[in-house]
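Colleague: Chains A and B supply the protein sequences, listed in that same order.
Here our numbering is used: the first residue of the first sequence is 1, the next is one more, and so on.
Here our numbering is used: the first residue of the second sequence is 1, the next is one more, and so on.
In short, the hints are calculated from the structure, not lab data.
It should be emphasised that the depicted structure is a prediction, and the values quoted were computed from it without experimental measurement.
Certain hints may be false.
[To be verified] With the Cβ distance kept under 8 Å, some of the chain B side facing chain A (calculated, not the full set):
(1) K196
(2) G243
(3) E249
(4) A258
(5) R267
(6) E282
(7) P419
(8) A421
(9) K422
(10) T429
(11) H522
[Unchecked claim] With a straight-line Cα cutoff of 30 Å, these simulated DSS-like cross-link-like pairs (lysine-lysine) come out:
(12) B:K381 with B:K404
(13) B:K545 with B:K572
(14) A:K288 with B:K545
(15) A:K12 with B:K422
(16) B:K452 with A:K270
(17) B:K46 with B:K158
(18) A:K274 with B:K149
(19) A:K288 with B:K467
(20) A:K188 with B:K237
(21) B:K158 with A:K270
(22) B:K237 with A:K270
(23) A:K282 with B:K149
(24) A:K254 with B:K240
(25) A:K270 with B:K545
Ideal Cβ placement from N, Cα and C applies to all residues, glycine included.
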Amino acid sequence: MATFKEFRNNVKPNWCPGCGDFSVQAAIQRAAANVGLEPEQLAVISGIGCSGRISGYINAYGLHGIHGRSLPIAQGVKLANRELTVIASGGDGDGFAIGMGHTVHAIRRNLDVTYIVMDNQIYGLTKGQTSPRSAEGFKTKSTPEGSIESTLSPLEIALSAGATFVAQSFSSDLKQLTALIEAGLNHKGFSLINVFSPCVTFNKVNTYDWFKENIVNLEQFPDYDPSNRIAAMTKIMETNGMVTGLIYQNKERKSYEDLAVGFKQEALSKQDLKLSRQDFDKLLTEFK
Amino acid sequence: MISQLSWKIGGQQGEGVESTDRIFSTALNRLGYYLYGYRHFSSRIKGGHTNNKIRISTKPIRAISDDLDILVAFDQESIDLNAGELRPGGIVVADAKFSPTIPEGVQARLFAVPITAIAEELGTSLMKNMVASGASWGLLGLPMEVFNKAVEEEFGRKGPAIVEKNVEAVRRGAEFVLEQAGGPLDEFKLEDADGKQKLFMIGNEALALGSVAAGCRLMSAYPITPASEIMEYLIKKLPKFGGTVVQTEDEIAAVTMAIGANYAGVRTMTASAGPGLALMMEAIGLSGMTETPLVIVDTQRGGPSTGLPTKQEQSDINALIYGTHGEIPKLVVAPSTIEECFYDMIESFNIAEKYQIPVIIATDLQLSLGKQTSEALDYDKIVIERGKLITEELPPNEDNRLFKRYELTDDGISPRVLPGAKHGIHHVTGVEHDQEGRPSENALNREKMMDKRLGKIRDLRVTNAIKAIAPNENPDLLIIAMGSTGGTIEEARERLTAEGISTNHVMVRQMFPFPSEMLEPHLAAAKQIVVLENNATGQLANLIKQNIGYHDKIRNLLKYDGTPFLPSEIHKACKELI
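Build out the structure end to end from the sequences listed, making use of the hints.
Modeller: Here you go:
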């Protein structure tokens with residue numbers, strides 16, 4: 001059995017000291033070990049941006065692709081080898097701006113992929129422009145007078161797109177975050193975990209202290225039922241999207257790979273490629 | 001007795017033109033005739049003139065004809081638009097309902113058949129296509145039972161009553177016209193075909209079939225004309241082999257999903273046309289940079305922008321070669337026949353894995369959608385080659401190092417291991433990286449990695465990278481082309497040869513890397529060269545000039561009105577050039 005240490009490698013992250021992404025990395029490593037994975041059974045697919053580098057900092061298979069496309073790549077990996085555990089990851093710009101189309105459709109498709117978004121409400125790697133998650137009035141290099149676009153609510157969008165697993169956490173709360181990632185990895189279908197992961201360099205508004213003051217932890221509501229979609233939507237709206245915990249889970253809906261007619265239960269990547277002569281002749285008869 | 005004939009059916013889109021054509025040609029295929037089809041259609045579902053033309057021959061043919069023998073018309077517009085193509089003495093079979101007339105100056109014989117009236121008498125006007133096709137089949141004097149069998153297959157799933165009604169519609173159509181004509185027309189009596197069972201399909205089906213044979217088990221794609229038939233075929237077939245087709249939200253998702261699946265070890269393709277390929281360009285760079293195999297089909301259509309989405313063009317070549325930013329190794333191959341669509345697909349999957357590169361297969365609309373006779377496809381030629389893919393268990397890594405996925409080797413191609421393999425962990429990134437796949441900005445490493453990747457394809461040549469028909473040592477004219485135009489060029493060449501003009505003919509099948517050394521001797525030997533293409537700027541001619549030279553000898557023959565070349569157009573243009 002691998003421990004979280006087996007999921008570490010010797011690459012030094014290029015994140016700023018204090019970046020929230022360090023804890024997300026640690027939480028992924030712990031969760032992977034806790035659910036009983038070996039490093040080679042995990043594939044971490046990431047997008048572009050500061051957080052996109054995360055796939056290179058975890059000892060597992062990993063692909064660091066192009067901006068906004070971690071989800072379709074991750075879905076391709078899962079379709080090719082459903083025996084792998086697949087994590088997709090990236091920032092809020094990656095997932096909710098350039099990649100928003102893929103996010104919504106990955107949610108609808110419900111392939112068994114765990115999507116972890118490191119949400120810092122800003123573009124970090126390009127040195128401080130507004131993101132779809134920035135608050136209205138937020139001043140950045142690209143919005144010197146303050147952002148005039150409304151803030152996107154990924155949790156509401158996920159629910160309305162038919163998500164089967166929606167969670168939110170805060171990178172400082174390693175215990176909650178690890179538990180939620182474990183739950184996501186164990187969920188049979190697509191799971192979205194949005195993680196408040198402060199940018200200490202470019203976002204001086206949404207700081208660690210600010211999050212601590214504003215977060216509403218679901219632990220406060222012992223009667224909360226995460227299988228109730230309406231309650232989930234209400235809670236998100238009531239808390240202005242600041243709720244953390246497992247917000248919604250639908251355990252009934254089957255994953256895409258289980259619904260696709262004829263789709264193999266075993267890893268497709270292990271299949272023999274050669275067609276039999278008999279099968280080939282059968283295919284040809286249609287054209288006669 | 002004649003050895004070949006051209007037949008066309010025209011009407012409003014949604015009126016049954018497609019199904020009539022399908023049944024008519026299926027029956028002819030059963031009789032062993034060689035067929036070559038052309039679809040004229042518009043980007044709408046119902047309404048608007050549409051027509052399908054089939055050339056029927058006792059010998060192999062790979063071109064549409066200049067003229068037309070029989071026109072079946074559901075409306076006057078179909079006659080007005082197409083009668084000009086009829087050869088003197090040709091025939092029009094039209095619905096008596098609209099009191100059809102033959103335009104002035106056209107010498108054709110009209111058979112006004114109460115098509116709608118008969119169909120309605122039998123229960124529904126929907127069957128008018130069966131009445132019409134029965135009438136034209138009857139005039140040809142071909143065996144009725146073969147036609148009825150094709151009708152049965154088309155409507156079989158709707159039950160025996162429907163089949164019977166349609167067979168009756170065919171019979172009534174034939175009966176009416178034969179009474180008018182006094183029996184089958186001798187001048188349209190086709191010689192018997194060889195009776196051998198042939199394959200009859202569109203290029204997109206040949207591509208899709210080739211991909212199944214190549215071991216492709218996943219496809220991710222977004223619908224687009226004229227590529228959609230590939231996904232429509234594969235969604236029917238791949239589940240039988242454990243795989244599936246995912247219809248993605250856009251072409252960017254289609255190509256990146258295919259990259260993910262190929263990375264994880266399943267042969268996966270996507271297919272699109274120009275607009276979709278434009279969206280895929282960044283991801284094609286990721287495939288090149290990460291050395292992840294990828295196979296993409298581009299069924300070229302009229303561009304730019306939405307352009308002419310249902311029309312013939314060959315104008316994506318520059319985009320396919322140069323479209324991606326930065327410099328990557330890739331292969332761009334252009335099949336020139338339906339059989340090549342099948343075999344190129346298999347070879348493309350092999351090359352994508354052996355060289356660990358993106359492969360783009362560029363067809364054109366006429367090759368992708370023109371339904372035609374294919375030679376037998378040979379099972380024994382299906383070979384699967386996966387190159388340096390490691391399937392056996394790896395030894396443990398020393399000193400906690402990663403697997404050297406990008407190891408520098410003599411041929412530039414590194415061993416490849418799939419996610420899931422123990423001791424095979426490595427990193428993959430579109431950022432410049434070292435031999436273990438870790439990001440690196442080291443200048444020396446950058447040079448080595450660029451040289452490694454680009455060096456892989458230096459000597460890459462597909463089977464028959466060019467296809468030459470070169471009977472003359474020093475021809476008056478060398479005709480060079482790509483894609484679906486080869487058969488038409490051959491017909492033009494026959495006429496030129498008969499007039500004493502010697503010609504050679506080369507189809508370029510590999511666009512990148514360019515097979516200069518194979519083409520150069522043909523250029524050197526020719527007195528003049530014409531490069532024939534369906535685009536406005538001479539993209540293939542420019543490739544030849546750029547890679548080889550002979551600027552002074554090369555002339556363009558360009559057609560970009562959306563329709564394929566006719567033999568007569570090539571014949572005339574070549575004569576003018578000499």
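Colleague: If a hint holds in the structure, say so; if it does not, say that too.
Modeller: Cross-check of the supplied hints:
1. K196: Not OK, violated: K196 (chain B) not within 8 Å of chain A, min 11 Å.
2. G243: Cβ of G243 (chain B) sits 6 Å from chain A, so the hint holds.
3. E249: holds, 4 Å
4. A258: holds, 6 Å
5. R267: holds, 7 Å
6. E282: holds, 6 Å
7. P419: holds, 4 Å
8. A421: holds, 6 Å
9. K422: Holds, about 5 Å.
10. T429: Holds, because the Cβ-Cβ distance from T429 (chain B) to chain A comes to roughly 4 Å (cut-off 8 Å).
11. H522: violated, 34 Å
12. B:K381 with B:K404: violated, 34 Å
13. B:K545 with B:K572: Status holds; Cα separation ~24 Å.
14. A:K288 with B:K545: violated, 43 Å
15. A:K12 with B:K422: holds, 24 Å
16. B:K452 with A:K270: holds, 29 Å
17. B:K46 with B:K158: Holds: K46 (chain B) and K158 (chain B) sit about 23 Å apart, inside 30 Å.
18. A:K274 with B:K149: violated, 34 Å
19. A:K288 with B:K467: With a Cα-Cα distance of about 28 Å, the restraint between K288 (chain A) and K467 (chain B) holds, given a limit of 30 Å.
20. A:K188 with B:K237: holds, 27 Å
21. B:K158 with A:K270: violated, 40 Å
22. B:K237 with A:K270: holds, 19 Å
23. A:K282 with B:K149: holds, 20 Å
24. A:K254 with B:K240: Holds, at roughly 21 Å.
25. A:K270 with B:K545: violated, 46 Å
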